[in-house]
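Asks: Chains A and B, in that order, give the protein sequences.
Just so you know, we're using numbering that gives the first Met the number 0 here: the first sequence kicks off at 0 and counts up by one.
Just so you know, we're using numbering that gives the first Met the number 0 here: the second sequence kicks off at 0 and counts up by one.
These aren't lab readings, by the way, just hints derived from the structure by calculation.
Note that this is a predicted model, so its numbers are computed, not measured.
Don't be surprised by glycine CBs; every beta carbon is placed ideally from N, CA and C.
Check each hint, because a few of them may be wrong.
Stated by the list, open to error - Here are some, though not all, of the chain A residues that point toward chain B, as calculated from beta-carbon distances under 10 Å: (1) Thr212; (2) Ala213; (3) His300.
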Amino acid sequence: MDIDENGGAGDVSSRQVQVRFVTKLKPPYKVPQASISIPANLTRFGLSALVNNLLQAANEDWNAEPFDFLIDGELVRMSLEEFLLAKGISAEKVLEIEYFKAVAPRKEEEPSLHDDWVSAVDGSNDGYILTGCYDGFGRIWRAAGICTHELDGHSGPVTSVCNVMPKAAESSIDQIVATASKDRTLRLWKFGVEESLDQPKKIRAFKILRGHTAAVQSIAAEPSGDMVCSGSWDCSVNLWNINASDSDGGLVSVKKRRKGGEDEEPQSEGEALTTLVGHTQCVSSVVWPQRGTIYSASWDHSVRRWDVETGKDSLNIFCGKAINCLDIGGESSALIAAGGSDPVIRIWDPRKPGTLSPIFQFSSHNSWISSCKWHRKSWFHLVSASYDGKVMLWDLRTAWPLAVIDTHKDKVLSADWWKHDSVISGGADSKLRISSGISVQ
Amino acid sequence: MGTNPRKENNSDKPKNETGKKKVQKLKAKNMEETLKRIEEAEAAADSSEDSPFVSGSDDSDDESLSEDGGSVSESGSDQSKLSEDEDVVQSSDGDNPTGASDEDNDHSSGDGVSEADDGDNYHGEDSHGESDDSREVVEESDSSEDEVAPRNTIGNVPLEWYKDEEHIGYDLAGKKIKKKERQSKLDSFLASVDDSKNWRKIYDEYNDEEVELTKDETKLIGRLLKGKAPHADFDPYAPYVDWFKWDGAKHPISNAPEPKRRFIPSKWESKMVLRYVRAIRKGLIKFDDKPKEESRLYALWDDSSSAERQGLAYIPAPKPKLPGSFFSSSDEFKPSTFYVKRRFTSLRTVPAYDKAVQETFDRCLDLYLCPRVRKKRINIDPESLKPKLPSRKDLKPYPTTCYLEYKGHKGPVMTISTEPTGQWIASGSKDGTVRIWEVETGRCLRIWDLGENIDQVAWNPLPELPMLAVAAGHDVFILNPRCGSDEQQKKIEELLHVEPQMATEDSGQYDWGQDDRHGGIRLKHFKTVTKVEWHRKGDYLSTLMPSDILFRAMNALIGSLCSIRESRSVLIHQLSKRLTQRIPFKTKGIPVSTAFHPTRSIFFTATKKDVRVYDLLKQKLIKKLEAGVREISSIAIHPGGDNAIVGSRDGKLCWFDMDLSSRPYRVLRCHPKDITGVAYHRSYPLFASCSDDCTAYVFHGMVYSDLNQNPLIVPLEILRGHSRVMDCKFHPRQPWLFTAGADSLIKLYCH
Chain A
0 MDIDENGGAG DVSSRQVQVR FVTKLKPPYK VPQASISIPA NLTRFGLSAL
50 VNNLLQAANE DWNAEPFDFL IDGELVRMSL EEFLLAKGIS AEKVLEIEYF
100 KAVAPRKEEE PSLHDDWVSA VDGSNDGYIL TGCYDGFGRI WRAAGICTHE
150 LDGHSGPVTS VCNVMPKAAE SSIDQIVATA SKDRTLRLWK FGVEESLDQP
200 KKIRAFKILR GHTAAVQSIA AEPSGDMVCS GSWDCSVNLW NINASDSDGG
250 LVSVKKRRKG GEDEEPQSEG EALTTLVGHT QCVSSVVWPQ RGTIYSASWD
300 HSVRRWDVET GKDSLNIFCG KAINCLDIGG ESSALIAAGG SDPVIRIWDP
350 RKPGTLSPIF QFSSHNSWIS SCKWHRKSWF HLVSASYDGK VMLWDLRTAW
400 PLAVIDTHKD KVLSADWWKH DSVISGGADS KLRISSGISV Q
Chain B
0 MGTNPRKENN SDKPKNETGK KKVQKLKAKN MEETLKRIEE AEAAADSSED
50 SPFVSGSDDS DDESLSEDGG SVSESGSDQS KLSEDEDVVQ SSDGDNPTGA
100 SDEDNDHSSG DGVSEADDGD NYHGEDSHGE SDDSREVVEE SDSSEDEVAP
150 RNTIGNVPLE WYKDEEHIGY DLAGKKIKKK ERQSKLDSFL ASVDDSKNWR
200 KIYDEYNDEE VELTKDETKL IGRLLKGKAP HADFDPYAPY VDWFKWDGAK
250 HPISNAPEPK RRFIPSKWES KMVLRYVRAI RKGLIKFDDK PKEESRLYAL
300 WDDSSSAERQ GLAYIPAPKP KLPGSFFSSS DEFKPSTFYV KRRFTSLRTV
350 PAYDKAVQET FDRCLDLYLC PRVRKKRINI DPESLKPKLP SRKDLKPYPT
400 TCYLEYKGHK GPVMTISTEP TGQWIASGSK DGTVRIWEVE TGRCLRIWDL
450 GENIDQVAWN PLPELPMLAV AAGHDVFILN PRCGSDEQQK KIEELLHVEP
500 QMATEDSGQY DWGQDDRHGG IRLKHFKTVT KVEWHRKGDY LSTLMPSDIL
550 FRAMNALIGS LCSIRESRSV LIHQLSKRLT QRIPFKTKGI PVSTAFHPTR
600 SIFFTATKKD VRVYDLLKQK LIKKLEAGVR EISSIAIHPG GDNAIVGSRD
650 GKLCWFDMDL SSRPYRVLRC HPKDITGVAY HRSYPLFASC SDDCTAYVFH
700 GMVYSDLNQN PLIVPLEILR GHSRVMDCKF HPRQPWLFTA GADSLIKLYC
750 H
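Isolated chain A, as found in the complex (with noise of 0.2 Å):
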């Protein structure tokens, strides 16, 4: 009734558009299939308000929900007739238009207080968040605000953190998380995650990865869990076996923390397997995403994908600007995107023939990247973080970010998504930041 009177205002005005919404959201979002006559000149928040409106003529208790808008696989930014002529639609059929949920942080809960600027956070597994700090602490969330466990040792600030195995070790006692510092150390956690305390309890390294020359810049591990690779300002790409189980003795040296002098737990040191060298600056960044190939960017402007076997790189992207992040994902865990010393994400697809110019860039960001991550299930989400101090939800199909968050009140450091519908990020406010309620489909 309420579409009715809209659509006898923009009658005078405007023309009239045939759509269909279709959805492939559960039936309590589905509107009728009919075709309807709108105005052509409803902006998505018109659009937005229409398909409430009709959903509540349905339901007579629901509760208003943004809706974002799909036609031939682009995000509708603009007024629906302006939309309709750049992308040269014809108006005279009927529209078939799909919406979800938008994309959008519905909540943002209560900020994570660290000491020092959050370096790194990973998210990768649901039931906790990992953040990195420049007080060389690796800490453990369980949830926004509730720290279980400290991991201490580092003697330098955490650059990079990862999970090891976040996939199989989901509902096991023991969590193998790995850290690497500023310090020229990697290092190697075990805990448990059923464990709930009130005080934050501290855990010792179980094995430390030595063998940089230089601070390590990031941590990625192998998808099966048994390998981690790191990226350092040395210019290499180190590989090191994780051996958990600690079967590996005779290679191993084991000795006792001195410093520490309360704690008695062994702690094994590893040495690197394998150095993949090429890069002639610092590897800012490296994603282990298949079993065979580790990707990795650099400050001396390339990206270059290693076989993990010959340890030969078997692709070479060069970018122009310094890379400071990157990460595989998107269709088929293909794309590469990336992020560096300017504003501009830059996602790459490897597959596509001839060129390696970029296929996306997005350049809605102020300042460097910081951080940039797909989402583990969709293929067109991504999100980014800057040193000006804004996260930013992207989707491929538009070149407009979905939503910013700017909560953050400095240089945002890492974001990462969690639980899919969340996203972490750090930053040098020395808060972790949790905006959840983000409906990726």
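For this one, chain A is given, so just place chain B on it according to the hints.
Replies: Relative to the frame of chain A, chain B by itself:
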């Protein structure tokens, strides 16, 4: 004219010749009448045409008759020869059909004969009558060589002389030739009536005989009369056969040598010339376009005719001023308001112009002392004067935008220095602190509070020995930023450990002491240190103490005791041996900056006026670079070592190509205020300057390995954002520029 037919006749029959000769002899005599007769006869023959048969019979009759007649006529004994000839001719005429058939057909002759009777009579009469007249003409007959001598030998005497004689002349033997008896008129008439060929008979007066023309001869005469060629066979319009081959003639047509006349001066022309010369001398020929003779004298002070003079850069003098208040001609020309009009009673009472001498003198002085220069105005498109520089887009990457700020200092940041790997930078500020920053995040890692103005910080250029040299007040600190690995740390700690007794050993002015509070070495100097510079090997470092005048006087006293040639303002310290030495050269002027050569053992000292280049091994001055600026403030050496940039306090940036000259290769006047720092990029072809005018300039400075190619300098970018820029340094590996500002910020400009 008679040659051709004669020849042919010869070929045909030799006997014909005699007939021809006769004809030729006679032709001049009475040819005209004969021919007239022939014509008339022919015309009559053409008009009336009888049956050819009759004519043919006639013809045959004629022949017979003629024979008869011939026999009759040759009755004379003396004329035996001629008669013979005649016989022959006539017989040939009759017997030889070829001779006749060649040029004539029988019909025509027959035709002519058929009507001959009337004509014969008529002609017969005439021939006798006219024969007298035609005698005179005989004399003119030319005698050709091959002609048979005539019977009569009288020669060319008038025949009247023999008119009354009985003889007509003499023969070859000298005997008289008797005149023939004349036939009576009646007889001759009858004979002519009877004889059809009478019209062809001609009386030869000279030889006193009658000649009968043959048919050929009559036709020949007819052709002559008509103006045709005498011989019937001659074709005047025969087709032209070109005997010359026009194509492919390689050689000149004539191979004859040049004739002599072409080489000797022409007499005719010389005569003509002589004639002209005489005419000119006499004044008969005058030249109008003679150039006017210009008078070599001209009026020096004349200003009227000066316009057309075209001397070398001649400029007309300005016109003199009109005399002031002298003339009182009329009220209109009042030169000045002070003019007071006066009236004089007569011209005698008008006084002399009192300023005349003065004005003339001034005028002369003005002309003499003020050289007049013609202003040359050149119309040049200002755009064309711009050097052809490559586009900025092609020279990427270079720093353009500020993305990162390093906040934390409380006072103006005076100096920054980048770590050789590019991971950290160090900065020194007026708030007395030295800070170390992480480049990628902008986090301050370490702070030393040294309590004094920090004038210079410098990272050790060796990446494996991260140490920091800091000039703070009178002290130089060598600090350990604890950035390297454990082994490196150990090495640094060893290096930075000084035993106390070593400090006392050294001279009192340069005190190597341990600084426990900051964890490093403290080098005490006797006055304020402004510059610290590491040698490329990371062991030596130079310090600079610009001495003021008072101090220099004191130094001179001390210096007189020790070696005079040493400079006290520049010191070189060796870290590993804890040694301090002065540079063994005398520096003139107050040094403001120093630099080590990036590859060789060469040391640069910039004083306020010039830059001196010393060889440290040979210990002598190599070069002096004259900047030509007011006051040098900073210097940077290109990583190649052959180029240097010098910044000055008057905002000029001088690029020196040391191989080229000791003068600046290029001077860039970019900053309106003092240049505080200049920097080269280690690997990219970039250099930058920063200034008190709140800007930093980034230039493209390409130095080519080809020595023939001069460095290419292109201004790229003006970086703004600071209040005053105190220092700028490039990132060692990225095309990024760090700038330190008086607003206590450090900014990173990225590409």
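Asks: Run every hint past the structure and note whether it holds.
Replies: Checked hints:
1. Thr212: 6 Å, holds
2. Ala213: 7 Å, holds
3. His300: Holds, about 9 Å.
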